[in-house]
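Work out the full structure: start from the sequences and follow the hints.
Each chain, written out:
There are 2 protein chains.
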Amino acid sequence: MPNNIALSLLRGLALVFLILGATPISAQDDTVWNSLDPKNTVYLQLKEGMVVIELNPTFAPKTVKRFKELLEEQFYRSLSFYRVIDGFVAQGGDESDIDDNPAIKTLKAEFEIDWPLKPKDKDEAKDWQPMSWTLVQKDDMFAPFTGFIDGFPAARDDKKAGKAWLTHCPGTVAMARNDDPDSSSTDFYIVIGQAPRYLDRNLTIFGRVVWGMDVVQRIKRGSTLDNGIIEDDLERSWISRMQLASSLDVSDRLDVYVADTNTKSFSDMLRKRRNRSDKFFHHKPPKVLDICQVPVPSRLEKASVRRR
Amino acid sequence: MPNNIALSLLRGLALVFLILGATPISAQDDTVWNSLDPKNTVYLQLKEGMVVIELNPTFAPKTVKRFKELLEEQFYRSLSFYRVIDGFVAQGGDESDIDDNPAIKTLKAEFEIDWPLKPKDKDEAKDWQPMSWTLVQKDDMFAPFTGFIDGFPAARDDKKAGKAWLTHCPGTVAMARNDDPDSSSTDFYIVIGQAPRYLDRNLTIFGRVVWGMDVVQRIKRGSTLDNGIIEDDLERSWISRMQLASSLDVSDRLDVYVADTNTKSFSDMLRKRRNRSDKFFHHKPPKVLDICQVPVPSRLEKASVRRR
Numbered sequence: 370m371p372n373n374i375a376l377s378l379l380r381g382l383a384l385v386f387l388i389l390g391a392t393p394i395s396a397q398d399d400t401v402w403n404s405l406d407p408k409n410t411v412y413l414q415l416k417e418g419m420v421v422i423e424l425n426p427t428f429a430p431k432t433v434k435r436f437k438e439l440l441e442e443q444f445y446r447s448l449s450f451y452r453v454i455d456g457f458v459a460q461g462g463d464e465s466d467i468d469d470n471p472a473i474k475t476l477k478a479e480f481e482i483d484w485p486l487k488p489k490d491k492d493e494a495k496d497w498q499p500m501s502w503t504l505v506q507k508d509d510m511f512a513p514f515t516g517f518i519d520g521f522p523a524a525r526d527d528k529k530a531g532k533a534w535l536t537h538c539p540g541t542v543a544m545a546r547n548d549d550p551d552s553s554s555t556d557f558y559i560v561i562g563q564a565p566r567y568l569d570r571n572l573t574i575f576g577r578v579v580w581g582m583d584v585v586q587r588i589k590r591g592s593t594l595d596n597g598i599i600e601d602d603l604e605r606s607w608i609s610r611m612q613l614a615s616s617l618d619v620s621d622r623l624d625v626y627v628a629d630t631n632t633k634s635f636s637d638m639l640r641k642r643r644n645r646s647d648k649f650f651h652h653k654p655p656k657v658l659d660i661c662q663v664p665v666p667s668r669l670e671k672a673s674v675r676r677r
Numbered sequence: 370m371p372n373n374i375a376l377s378l379l380r381g382l383a384l385v386f387l388i389l390g391a392t393p394i395s396a397q398d399d400t401v402w403n404s405l406d407p408k409n410t411v412y413l414q415l416k417e418g419m420v421v422i423e424l425n426p427t428f429a430p431k432t433v434k435r436f437k438e439l440l441e442e443q444f445y446r447s448l449s450f451y452r453v454i455d456g457f458v459a460q461g462g463d464e465s466d467i468d469d470n471p472a473i474k475t476l477k478a479e480f481e482i483d484w485p486l487k488p489k490d491k492d493e494a495k496d497w498q499p500m501s502w503t504l505v506q507k508d509d510m511f512a513p514f515t516g517f518i519d520g521f522p523a524a525r526d527d528k529k530a531g532k533a534w535l536t537h538c539p540g541t542v543a544m545a546r547n548d549d550p551d552s553s554s555t556d557f558y559i560v561i562g563q564a565p566r567y568l569d570r571n572l573t574i575f576g577r578v579v580w581g582m583d584v585v586q587r588i589k590r591g592s593t594l595d596n597g598i599i600e601d602d603l604e605r606s607w608i609s610r611m612q613l614a615s616s617l618d619v620s621d622r623l624d625v626y627v628a629d630t631n632t633k634s635f636s637d638m639l640r641k642r643r644n645r646s647d648k649f650f651h652h653k654p655p656k657v658l659d660i661c662q663v664p665v666p667s668r669l670e671k672a673s674v675r676r677r
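Chains as they are written, first to last, in my numbering: chain A, 370 to 677; chain B, 370 to 677.
Just to be clear, a hint being listed does not mean it is correct.
Note that identical chains are pooled: a pair holds if it fits in a single copy or bridges any two copies.
Under the rule of at most 27 Å between Cα atoms (straight-line distance), these lysine-lysine pairs were calculated in the BS3-like manner [as the list claims (entries may be wrong)]:
(1) K474 <-> K648
(2) K532 <-> K489
(3) K641 <-> K489
(4) K431 <-> K491
(5) K528 <-> K653
(6) K416 <-> K589
(7) K532 <-> K477
(8) K656 <-> K532
(9) K633 <-> K532
(10) K477 <-> K653
Calculated directly from the structure, the hints in this document are not laboratory data. All figures in this text were calculated on a predicted structure; none of them were measured in a lab.
Below you can see the structure in the form of C-alpha cells.
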C-alpha cells in the first residue's frame with residue numbers, strides 16, 4: 370500500500386509534465402452543456418466503435434435533408450471507408466461498392482451562406498437578430514475572421530456581400546465530389562489530420578464529429594502512394610450501421626453533451642488560450658489561436674445498451 | 370467478369386471524388402529518396418504495429434545522445450503511453466510506472482538553435498555554407514518563416530540573432546517537462562492532432578515519425594476530462610520494444626526512405642500546393658501553405674521479418 374501511495378505521488382509529479390500545455394483542452398467548471406438534437410444527430414457504428422456526428426442544417430440544408438433520406442433507407446449499412454489517407458481524410462459511402470448501376474442523385478453545392486450584416490436602415494435594424502458567432506481569430510492565413518457558430522468551427526468574410534462557411538478541421542464531415550461543384554451524391558469524408566483549410570468553400574461541410582474521434586482515428590488507412598485507396602475489401606473499415614438518433618427509442622440513444630460555444634465561459638477559455646500567461650511558457654507564444662486547434666468539449670453521460 | 374469490369378469502371382469514376390484535393394500528398398515521380406541513417410533511426414514497436422522515428426541531433430544533440438543511452442539500456446521496454454489526448458499528444462515513457470524511486474537525470478532545454486546568417490565580412494562570407502532550408506511560408510500566425518530543414522518542419526526568425534526551431538506538427542516527437550525548462554528526463558510525446566504550434570520553442574523536439582503514423586493513431590486514448598490519463602494499466606498501449614536501427618543486424622532493419630526536402634522536385638510540389646490551379650477549385654484558395662499540412666513522402670521498401 371505505501372508503495373502504491375508513493376507510486377501515485379510520483380505519478381502525480383510526472384503528470385505535471387505538459388499538463389499546462391493541455392489544460393485548456395478539458396472543459397472549464399462553468400461550461401454550459403447542450404444536449405444534441407436527435408433529429409440532427411447521427412450514430413455511425415463501426416467495428417472499431419461508435420462515432421457521433423452532429424449535422425448542420427443551417428449551413429447545408431439540402432445536403433442534410435438528403436443525407437437523412439439515405440440514413441432512413443439504411444443506405445450506408447455495409448458500405449466501407451475505401452479511401453483513407455492518414456493525416457488527411459477517411460472517405461466512404463460509395464454505392465458502387467455494392468450496386469453496379471446506382472441511380473445517382475446529385476446535390477447542389479452548399480459551400481457558404483450569406484452572413485447578414487446589421488442593416489443600415491434604422492427600422493430594419495430594430496428587429497435584426499445577429500447570428501451566433503464567437504470570434505477566435507482575425508486574419509489567420511485562410512480567412513478574415515474565424516470563430517464558432519453554435520459549436521461548429523467557421524469563418525467569415527464581411528467584404529461586399531458577407532459570407533460565412535464551415536471550416537475543414539479534424540472531425541469535419543463533408544460531401545466528396547468530382548470537378549463539378551454540384552456533383553456530390555453519397556460519398557462523404559471525415560477529416561482525420563491537420564486541417565486542410567485550402568478545401569474551405571470548395572466542398573459542402575454538413576456535420577462534425579462530436580464523440581468518437583479516437584474511433585475515427587482507428588479507421589484502416591490506405592497507402593498514400595495509391596491515393597489512399599484500399600483495393601482489398603477485407604482490409605477496409607466497414608460501416609455496420611449509420612442511423613439518425615431520432616430513429617431510435619429514447620432509451621437506446623446516447624446522452625452526448627457538447628459545450629455551448631456561445632457563452633462567456635467559452636469566450637473566457639478562448640482568451641486564456643490566446644494569452645498563455647502560465648509560467649510553463651518559457652517562450653511566450655504569439656497571442657493567436659488556430660480555429661482548428663481549439664477543442665470544443667463534449668461528454669458522454671450514458672452509453673446506450675446498444676453501444677459496442 | 371463483365372460485372373467486375375463495370376464495377377471497376379464505376380469505382381474509377383467514384384474515385385475521382387476528391388482526388389484532386391489530395392493529389393499533392395502522394396510523391397511526385399521525380400522525388401529524390403533518402404535512406405535513413407540507422408544511427409538516428411528508432412523502431413518503436415507497439416502491439417498496434419511498428420513506428421519509425423527519425424532523430425534530429427542537429428537541433429537536439431544532448432537530448433538525442435541521452436535518448437540513445439536510454440534505448441541502449443532498453444529503458445522504454447514495457448513502459449506505456451499513459452497520457453493520451455485525442456487531437457493533441459500521446460505521452461509515454463514514465464519510469465515511475467515500474468520504478469518507485471527512479472534516479473532522474475534531467476536534460477538541458479534544446480528549444481532552438483542559432484541560425485547563422487551570411488556574414489557581412491567578405492572574407493568570412495567566402496567559406497560560409499548556408500544550412501539546408503526550403504521555404505514554405507512567410508508570416509504564418511506563429512513564425513516569420515516556416516520551412517523544411519532536412520525533412521523536418523521548422524521555423525526561423527532572422528531578427529537580431531537568428532534562431533531556428535523545429536515545429537510542433539502531427540508526428541513531431543518531443544520531450545515532456547514540468548515548469549522548469551531543464552526538467553525533461555525520459556517522458557516523451559508524439560503529436561497526434563492539429564499542430565499545437567503554441568508549444569514551439571517551449572519543448573525540446575528531437576524527432577519525427579517517418580513511418581507508421583496510422584499505428585500511432587491507434588494508441589489508446591484517455592479521457593480529456595481526466596487530462597488524458599489512463600489510470601488502468603491494462604487499458605493502455607504498451608511499448609513492446611524501442612530500439613535504435615543500428616543496434617539490429619542489417620537484415621533485420623526496415624528499408625524506409627524519405628523524400629529529400631532540399632530538392633527542386635520538393636520545391637515544385639510546394640509551389641503546386643500553394644497555387645492550386647486545378648479546375649476542382651471552384652473557390653480559389655489563398656496562396657498560402659500551412660507547414661504542418663505539407664506531407665513529406667516516405668515509403669517502406671522492405672519490411673523486416675521482425676515486423677509485425
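Now for the hints, and whether the structure bears them out:
1. For a Cα distance limit of 27 Å, the shortest separation of K474 from K648 across copies, 22 Å, qualifies, whereas the shortest one inside one copy, 56 Å, does not.
2. Taking the closest pair of Cα atoms, K532 and K489 come within 27 Å of each other only inside a single copy of the chain (18 Å); across copies the shortest separation is 50 Å, beyond that limit.
3. Neither within a single protomer nor between protomers do K641 and K489 lie at most 27 Å apart by alpha-carbon distance, with minima of 35 Å and 43 Å respectively.
4. Taking the shortest alpha-carbon separations for K431 and K491, neither the intra-copy value of 33 Å nor the inter-copy value of 67 Å comes in at or below 27 Å.
5. Within a single copy, K528 and K653 get their C-alpha atoms only as close as 33 Å, which misses the 27 Å cut-off; across copies the closest is 16 Å, which meets it.
6. In the homo-oligomer, the alpha carbons of K416 and K589 lie at most 27 Å apart both inside one protomer (11 Å) and across protomers (15 Å), since each shortest distance falls under that limit.
7. For the identical chains of this complex, K532 and K477 are intra-copy neighbours only, at 18 Å inside a copy versus 49 Å across copies, given an alpha-carbon limit of 27 Å.
8. With identical chains, the CA atoms of K656 and K532 are at most 27 Å apart both within one copy (26 Å) and between copies (20 Å).
9. For a Cα distance limit of 27 Å, the shortest separation of K633 from K532 inside one copy, 25 Å, qualifies, whereas the shortest one across copies, 38 Å, does not.
10. Taking the shortest alpha-carbon separations for K477 and K653, only the inter-copy value of 19 Å comes in at or below 27 Å, while the best intra-copy value is 46 Å.
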